[in-house]
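Kindly generate the complete structure, drawing on both the sequences and the hints.
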Amino acid sequence: MFLWIIQRDLLLAMRRRSDVLTTLFFFIIVVSLFPLGVGPEMSMLRTMAPGVVWVAALLASMLSLGRMFASDHLDGTLEQMLLSPQSLPMLVLGKALAHWLVTGVPLVLMAPVLGIQFDLPGDALGVLTASLLLGTPVLSLIGAIGAALTLGLRGGGVLVSLLVLPLYIPVLIFGAGAVEASAAGLGAGAHMSLLGAFLLASLVLAPWTAAVSLRISME
Amino acid sequence: MLQGSDLECVRGDRRLFRDVNFSLEAGGLMQVQGPNGSGKTSLLRMLCGLAIPAHGRILWGGAEIRSLGGDYYGAMTYLGHLGGVKDDLTAIENLRISSALGGVEIDEHKAHEALQHMGLGGRELLPAKVLSQGQRRRVTLARLLVCGTILWILDEPLTALDTAAVKLMQGLMERHLEHGGMIVMTTHQEIEITAAATQRLQLA
Chain A
326 MFLWIIQRDL LLAMRRRSDV LTTLFFFIIV VSLFPLGVGP EMSMLRTMAP
376 GVVWVAALLA SMLSLGRMFA SDHLDGTLEQ MLLSPQSLPM LVLGKALAHW
426 LVTGVPLVLM APVLGIQFDL PGDALGVLTA SLLLGTPVLS LIGAIGAALT
476 LGLRGGGVLV SLLVLPLYIP VLIFGAGAVE ASAAGLGAGA HMSLLGAFLL
526 ASLVLAPWTA AVSLRISME
Chain B
105 MLQGSDLECV RGDRRLFRDV NFSLEAGGLM QVQGPNGSGK TSLLRMLCGL
155 AIPAHGRILW GGAEIRSLGG DYYGAMTYLG HLGGVKDDLT AIENLRISSA
205 LGGVEIDEHK AHEALQHMGL GGRELLPAKV LSQGQRRRVT LARLLVCGTI
255 LWILDEPLTA LDTAAVKLMQ GLMERHLEHG GMIVMTTHQE IEITAAATQR
305 LQLA
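Top to bottom, those sequences are chains A and B. For the first sequence, our numbering gives the first residue as 326, with consecutive numbering after it. For the second sequence, our numbering gives the first residue as 105, with consecutive numbering after it.
Since no wrong hints were added, every one of them can be taken at face value.
Which bits of chain B does chain A cover? Going by a derived footprint, with three or more residues having C-beta under 8 Å, they are:
(1) 146-160
(2) 165-178
(3) 182-188
(4) 193-203
Worth flagging that the hints you see were computed from the coordinates, not collected in a lab. Backbone N, C-alpha and C fix where the C-beta goes; we use that ideal spot for every residue, glycine too.
This is the structure:
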């Protein structure tokens, strides 16, 4: 069942490639604007790179949250999901995972290329990519809660950013911090462990919370 | 057996209905009637567990449907106003995915047969967005052929259907009732369904 949902959402994303590409291009453009705006000061670019890439990743991931449940809500599929004998948190987990595969993974793959614009050294690029790999699924999972809570509300898009962005802060701090720590020679281990802990905690808690929110929103 | 006692529905500060009581046995059909805005859809959403009644209890086999959760959902199929048909998926993908959501996984062959039965032969591989309203409705209704549940809760199932499809649905529902199924439905169309026990629930 879990696989059915993932397969379905990936299929839908394949049929609507423009949605996927907008998120990715948004990420690329936002990250690329900084070197252009700040100027070619190498040391400054290197310092700000992790923060810029991470903030752009947060915004890009949030940009596509509205679609996570909204289209299913409009055509009635969501009702059928709530009435499914399968467990709703599992369905939500499947949807969040599909969201990550569609929006998160392209960001992770793109990050090393964008990092070069900021003159990041090789090992920092590696740490940046690894931190995004651990952090972006957390963004999709936490985002699922926000998307579920704002379902069917007018102006839900703005509201979801107010709800979700504060929750993204820890991920941002430790994600960007990992790269800075490794650049400072401290090693990124501690930051990575914390990101891993966030991932595990949100894997357990977020689907359940989002499922409860969906039931409330649909009443 | 599906039972409702003292059901009350409140929307905002308006009470749509109160003191609704019914009991539906195997093989029974219940037609919910009433003018627009009298709370038919609200009642049906309560019966399937999407909405909580302001007052009263809904029992399935003697237990509250809320406490049954998945066990109840596995025995019930609800088809609402919104068909749950995805524009970007083909008819066959729509049917397979929606029935998998309902807990029954079917292969391509079975989905093909069901769609053929609903008069969609030759259109299984078209994306749903190019189908007409009536054809989309048929895709939704094809789920009833494969779901294997006891209780059907149908909200205006005949909307947008042509006379041939209405006949088809009539036969499908009669067969379901003969085999001990139960149906709760609303419709504004005239349809004669022979059932062991037919009751009409009038909402003011």
